[in-house]
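J.: Fit chain B to the known structure of chain A by using the hints.
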Amino acid sequence: MGFTTAMENWSAFRDPELAKRIVAEIKARVTRPVKIMEVCGTHTVAISRTGIRQSLEGYVELKSGPGCPVCVTDDTDIDGMIHLARQPGVIITTFGDMMRVPGSSSSLLEEKAQGADIRVVYSPLDAVQVAEENPGRQVIFLGVGFETTAPTITLALEETRRRRLDNFFLYSSHKLVPPALVALLEDAELGLDGFLLPGHVSAVLGRQAYDFIAQEYGCPAVIAGFEPVDILYAVSLLVKMVEDERPEVVNAYPRVVKEEGNPLAQERIREFFRPVTVRWRGLGEIPISGLELAETYADLNAVTRFLAGGRGFGYGGTEPGAKLRGCACGEVLKGKIDPDQCPLFDRVCTPTHPVGPCMVSSEGSCAAHYRYDRH
Amino acid sequence: MEDRILLAHGDGGLLTHQLISELFLKYFRDETLKSLGDSAILPSLGEQLAFTTDSFVVQPPFFPGGDIGKLSICGTVNDLAVSGARPLYLSAGFILEEGLLLGDLEKLVASMAQTAQEAGVRLVAGDTKVVERGHGDKIFVTTSGVGQLVGRGLGTGQIRPGDLVLLNGPIGDHGMAVLSQRHGLEFEAQIRSDCAPLNGLTVPLLSRFATLRFMRDPTRGGLATTIKEIATASGRDILLLEKEIPVRQEVRWAAELLGLDPLYLANEGKVVIIVAPEEAAEVLNFLRGHPLGGMAAIIGRVLESGEEGIINIDRRREGRPHSPRGGQVYLETPLGARRLLDLLAGEQMPRIC
Chain A
40 MGFTTAMENW SAFRDPELAK RIVAEIKARV TRPVKIMEVC GTHTVAISRT
90 GIRQSLEGYV ELKSGPGCPV CVTDDTDIDG MIHLARQPGV IITTFGDMMR
140 VPGSSSSLLE EKAQGADIRV VYSPLDAVQV AEENPGRQVI FLGVGFETTA
190 PTITLALEET RRRRLDNFFL YSSHKLVPPA LVALLEDAEL GLDGFLLPGH
240 VSAVLGRQAY DFIAQEYGCP AVIAGFEPVD ILYAVSLLVK MVEDERPEVV
290 NAYPRVVKEE GNPLAQERIR EFFRPVTVRW RGLGEIPISG LELAETYADL
340 NAVTRFLAGG RGFGYGGTEP GAKLRGCACG EVLKGKIDPD QCPLFDRVCT
390 PTHPVGPCMV SSEGSCAAHY RYDRH
Chain B
3 MEDRILLAHG DGGLLTHQLI SELFLKYFRD ETLKSLGDSA ILPSLGEQLA
53 FTTDSFVVQP PFFPGGDIGK LSICGTVNDL AVSGARPLYL SAGFILEEGL
103 LLGDLEKLVA SMAQTAQEAG VRLVAGDTKV VERGHGDKIF VTTSGVGQLV
153 GRGLGTGQIR PGDLVLLNGP IGDHGMAVLS QRHGLEFEAQ IRSDCAPLNG
203 LTVPLLSRFA TLRFMRDPTR GGLATTIKEI ATASGRDILL LEKEIPVRQE
253 VRWAAELLGL DPLYLANEGK VVIIVAPEEA AEVLNFLRGH PLGGMAAIIG
303 RVLESGEEGI INIDRRREGR PHSPRGGQVY LETPLGARRL LDLLAGEQMP
353 RIC
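Chains as they are written, first to last, in this note's numbering: chain A, 40 to 414; chain B, 3 to 355.
Here chain A stands alone, though its shape is the one from the complex:
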């Protein structure tokens, strides 16, 4: 597809008149407030920025779930990463978003200011390059992300082998979206009517990976793109399924998401990782919801190599799951409260002085609500 054609097609998904018509249709169809959760940070930002959340107020309640990979990284993981940064000879490489995330007593940014060698990279392959250029040092990449990021990390692992490097390591904090959906579905208190499913993650997993949501939990779910019309169309499908009581899992983003997803990416994840039980910030321990390096690559695992206490040990001196300075990120991530219901929101906690990770990451619920949803 040429650039111009792509842009024209794309414009159609931003057409304000079409978007307004869908809003009107949704409002006409709803007989009681419908509660929908989006579980992707890019959706969270788009919904707030375009005013979709506001235009559906009173009809559809759009809750922001655990959609930002930085935000769901548990305190114990952050503390572990900070512990790694303090080891002599170690170079930490990471995406920029992680720098300001507070652990129980410090952040990577504070560690860097105190002399730790922490470098922001734009791609995991850049981290491999750092390893090659620093043969006497141990270079650890902090792998944070969902099913979308994990396949790109495998390229770095492969490259490490190809270049025969023995000083590149991965701290894998990758997480899987479907197990988190299960945890949310099993929390009766939430009373969700439907899920807006993430476009990018679904491009890897495929539509069929979510069938359990409708089949086992009787909850409708729709995979959505990121333009206003994409999102509103998905919401209108959800509302219709809720009203008709006919739950299904629908792919409303077929220009990117296929029924079976991306088999190559799935295969790479299976080859390089193995699913394990991990802690999510806010959601606690979720069975088989994280990715640890596979046995074949165990020698590249920064956890077994450098963390004597293993993952989840209280490196920051706090108990796992301990609350962070009154921050209600946990409740926000589960959609139990909206960001502005947190006692710290916009009083103590702002993007310039974030207390919790949801305010740090640009795609965190609190940051999105702060930037775009304050009235």
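You can take every hint at face value.
Short derived list, chain B residues pointing at chain A, Cβ under 8 Å:
1. Lys245
2. Gly261
3. Thr335
4. Pro336
5. Leu337
6. Gly338
7. Ala339
8. Arg341
9. Leu342
Just so you know, the hints here were simulated from the structure itself, not pulled from any lab data.
Being a predicted model, the structure only gives us computed values, none of them experimental.
Cβ atoms here follow ideal geometry from the backbone N, Cα and C, with glycine treated the same way.
T.: Chain B only, in chain A's frame:
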């Protein structure tokens, strides 16, 4: 001449003199500058003066649509222009990093000279220093400028409820051009910086329109930041209409890919103009007829005192403090929803997902 900048180019000796006479004076041909005195002696203007200074540290120094040389002239000229002045005299200070290619320096100096000529300003004073490799980022330029105030002074204090907000063209071109160049991003349609001297546009505006209230160039921090600054300084609420704000399709597209907001991207050839409603249509016509204003638009208005910026507040939470009145900026999205627009809190970071 050597082909790279050496520390000796800054020591005041032979190489310094060579650099000045063979490179700088080859392009900067002002008589006052050529005399190489300790100060430029300028004629009395008999008017109020505008005086400003700005430093330029852009990385990379060359980008589509401009370079740090052109930028350093436009930046200072535009600060004078939007203050209601006719820019006249500039000075330029260079901090060069050891190892900078002389060929690159020459290109930048030529670009400065050409831009100064386009803007009709004289470069009358200059200085050069060289720092050790690793102590600078190739080249830093500081320009200062003096202008003669024309017509009545503008100010945020002049802004009245009902005034309209105009913009002379699409936002985000400069910010996106520099970002794309810095990160080696290639888009099929090249995004070029809008870097341009604005005095050719603003000086006639000042003489033609009596109800011009205020002008500002939305540079670093973008349009959102500038409008918020205007609202705060004037104590008035301003409503912007998102669908009226011009953004080139390719900029919108690139910003979307990177997770950035064009409202916060820098511009270097744009001016926000606040004018009384009765003259707004004529100002718009004038802008659209000017080479720097083809895509001009009325993008918003100053709200009446007591007029609610947000119409549909259904969920005011108990105990939440209401927004303090005055100085707020509201953005009406194409969907008709309104949200608060604020200063950018924290850096815009490319996302992980």
